[in-house]
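A.B. asks: The lines below spell out each chain.
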Amino acid sequence: MESTKKTIIVFSGDFDKVMAAFIIANGAAAMDDEVVMFFTFWGLNALRKDAHVAAPDKTFVQKMFGAMMPRGPKKLSMSKMNFAGMGPKLMQREMKAQNVMSLPELIETAREQGVKFIACTMSMDVMGLTKDELLDDIEYAGVASYLGEADESNVNLFI
Amino acid sequence: MESTKKTIIVFSGDFDKVMAAFIIANGAAAMDDEVVMFFTFWGLNALRKDAHVAAPDKTFVQKMFGAMMPRGPKKLSMSKMNFAGMGPKLMQREMKAQNVMSLPELIETAREQGVKFIACTMSMDVMGLTKDELLDDIEYAGVASYLGEADESNVNLFI
Amino acid sequence: MESTKKTIIVFSGDFDKVMAAFIIANGAAAMDDEVVMFFTFWGLNALRKDAHVAAPDKTFVQKMFGAMMPRGPKKLSMSKMNFAGMGPKLMQREMKAQNVMSLPELIETAREQGVKFIACTMSMDVMGLTKDELLDDIEYAGVASYLGEADESNVNLFI
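Protein chains in written order, with the numbering used here: chain U, 90 to 248; chain G, 90 to 248; chain A, 90 to 248.
Heads up, a few of these hints could be off.
Which copy is meant is left open, so a pair is good if it fits within one copy or across any two.
[Unchecked claim] Derived pair list, reagent style DSS-like, types lysine-lysine, alpha-carbon separation capped at 27 Å: (1) Lys94 x Lys169; (2) Lys169 x Lys147; (3) Lys169 x Lys220; (4) Lys94 x Lys164; (5) Lys147 x Lys185; (6) Lys185 x Lys94; (7) Lys147 x Lys94.
If you're looking for bench data, these hints aren't it; they were derived computationally from the structure. Predicted model, so just to flag it, every value in this text is computed and none were measured.
Let's have the full structure, built from the sequences with the hints guiding it.
C.D. replies: Structural data, given as structure tokens:
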């Protein structure tokens with residue numbers, strides 16, 4: 090029988106694209122598919138804790154990236170019609186009115202359903218993100234690990 | 090024999106990305122592949138009719154989204170070099186000079202070739218788009234339906 | 090045994106997305122997978138030579154596109170935090186500090202590893218890019234050729 094495993098590279102940190110990634114991931118997990126999400130570049134921001142985390146060893150540029158990039162799902166911007174941050178709030182309100190889960194709920198549900206979260210270590214190094222700044226209990230790996238998962242999957246998306 | 094079915098998630102509403110999606114879809118359909126396009130988020134704008142459609146039951150936010158989002162393929166913006174709307178017009182002109190079909194023609198051809206169009210009902214709810222506002226004779230479904238199609242396909246793209 | 094061939098459509102010309110594409114391509118090639126990269130629309134800019142190339146037969150619009158689009162990997166902008174061109178320079182510096190290859194090095198390594206580069210001829214026509222303007226010794230083909238490669242592959246990404 091063919092595999093029904095899915096992989097999703099979450100490259101984007103846009104609120105709407107991260108939403109789409111988690112809706113697909115949760116949908117597949119609900120159908121008992123194995124799902125692996127590989128967070129890289131801006132997508133890592135979806136995994137950031139919202140509190141400031143001390144990171145004394147960062148270079149100036151890494152500190153700057155860290156300060157300017159959004160901390161977690163509640164801080165992400167939309168790729169269109171962001172309206173200085175009002176866009177995600179308005180969309181969340183419509184989502185709630187339509188009984189669609191919020192992004193933090195989608196992330197929590199994905200974890201409960203056993204979706205595997207992998208943070209790209211090379212991107213973490215370049216952007217200066219430390220493990221302490223990201224959600225607890227996720228995995229850390231590089232592109233070879235992603236490719237190994239993708240080789241076992243029948244649907245592989247780059248978002 | 091392995092399936093040659095293709096699925097394309099059209100998440101973006103950028104003129105250039107929607108063009109790319111339809112060029113791939115038409116190319117695959119011309120090779121007798123089954124093709125499913127799943128329109129979600131901004132991608133739904135490519136399916137909008139250009140006329141205003143009365144929708145009295147919309148919330149204020151849904152009306153605002155509806156008024157600000159482009160109505161159909163002729164109104165889409167480019168992801169780069171949009172030049173306040175001149176970009177798509179210039180690109181259409183070059184496309185015509187090079188005998189490349191326009192976006193409305195590509196959409197029409199895809200329909201004639203039997204490409205299946207599915208509008209994501211959850212996105213329609215959140216953005217407040219009604220069936221009356223979208224092209225006639227398309228299908229409406231959710232992520233589970235997309236995943237079912239993707240499981241039967243050998244190429245699955247997110248655009 | 091199932092194929093482990095990979096295809097990547099490089100649609101984006103954003104520095105960070107092109108980086109991601111080449112990191113995946115080089116990773117797969119290092120694992121002895123066959124890899125095909127299909128450059129289309131803005132992605133073609135990653136293949137441009139940095140010198141100006143005379144192209145007397147271009148239309149006005151093609152000349153304008155040619156002049157405004159970046160010439161090669163050193164000129165690409167980031168999709169986020171570009172800071173008027175400082176973003177890619179800062180990221181390159183962090184990459185160097187972390188022993189990550191630069192984009193020109195990644196491109197060169199991909200070629201050395203035998204990754205197949207295909208430039209989309211239809212996009213070249215529309216944007217008025219000539220073969221002289223792109224890297225030497227690449228292939229030129231259309232969407233049918235891409236689809237043929239994708240049908241033989243087990244991972245197909247659109248970036």
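A.B. asks: Would you pick out the hints that fail for this structure and give their numbers low to high?
C.D. replies: 1, 4, 6 and 7
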